[in-house]
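Position chain B relative to chain A; hints supplied.
Those protein sequence lines, which keep their order, are chains A and B. Numbered continuously in the working numbering, the first sequence closes out at residue 112. Numbered continuously in the working numbering, the second sequence closes out at residue 130.
Read the hints as simulated data drawn from the structure, not as lab findings. There's no promise every hint is true.
Unchecked claim - In silico DSSO-like links for lysine-lysine, alpha-carbon gap of 27 Å or less:
id	chain 1	residue 1	chain 2	residue 2
1	A	Lys34	B	Lys18
2	B	Lys78	A	Lys42
3	B	Lys14	A	Lys28
4	B	Lys47	A	Lys95
5	A	Lys28	B	Lys78
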Amino acid sequence: MINKYVLLLLSSVFIAACSQILLKKSAKEEHSSKIKEYLNLKVIVGYGMMFASTIFSILGFRGLDYKNGPIIEAFGYIFIMILSRIFLKEKITTKKVIGNSLIILGIIVFYI
Amino acid sequence: MTENNQLEITKEDKKNKKNLIKNIIILQAIIAFYTLSTVLAKTASSKEFLSIEFVFFYGLEILILGIYAILWQQIIKKFDISVAYANKAMGLLWSIVWAIVFFSEDISIKNVIGVIIVIIGTIIVNSDDK
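Bound-form chain A, shown alone (with noise of 0.2 Å):
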């Protein structure tokens, strides 16, 4: 079901599924001390991204069992494999997507 509640999790979790690309992107890089890997830019947006999600999550828990969390979550896995294709040039291989889909299936079965 489509509420407000379900919403404000969605877009803390594209939100959250944007912070990993940038944070994939930092470490991939070459960083000249372990400091680095975590004082830059992409990583200090990256988790700058993640802090918004949360308040947007705890907003959208308000409405929600917790046991629904992870469930929206699990979109999660859908816009990550899309913006890593995009971004990062991940292959989109036969077996992530036989194994997104069987995520979502999951999803569909908890949900009926």
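Quick look at chain B alone, frame taken from chain A:
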């Protein structure tokens, strides 16, 4: 190809497989830790916004997310982000456990079957050969 070379390749394969399994276990432990933040989010959501209790539970959530973020930045070096992230599906299993333990929420057989299908999907993504 000589027999020695083939032996070397087999050894290399075994080593890679062992490393992959080790990395998946580390990844899974980090994800199990992460799911505790959602327990705190749900707890904070039941408190008055910006009350002392709210700030306490929300603060704890942020602390767990902070530690998780530091660990995550290291482990994603070892995987495609689309593979590492898919492993978060195992968080579903933990959410069912926490829903029973902390919140006494009802869990149906469909919930359980759904979670099992999601977990199978995650395993298939993990078996992806690059």
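Taking the hints in turn, this is what the structure says about them:
A distance of roughly 26 Å separates the Cα atoms of Lys34/A and Lys18/B; the hinted pair therefore holds under the 27 Å criterion. Distance restraint check for Lys78/B and Lys42/A: the Cα-Cα separation of roughly 19 Å lies within the 27 Å cut-off, and the hinted pair is therefore satisfied. With a C-alpha separation of about 25 Å, the suggested pairing of Lys14/B with Lys28/A holds against the 27 Å cut-off. Of the pairs offered as hints, the one joining Lys47/B and Lys95/A is violated, with about 42 Å between alpha carbons and a cut-off of 27 Å exceeded.
As the CA atoms of Lys28/A and Lys78/B are separated by approximately 10 Å, the hinted pair is consistent with the 27 Å bound.
Comparing the model with each numbered hint stated earlier shows that hint 4 is the single one that does not hold.
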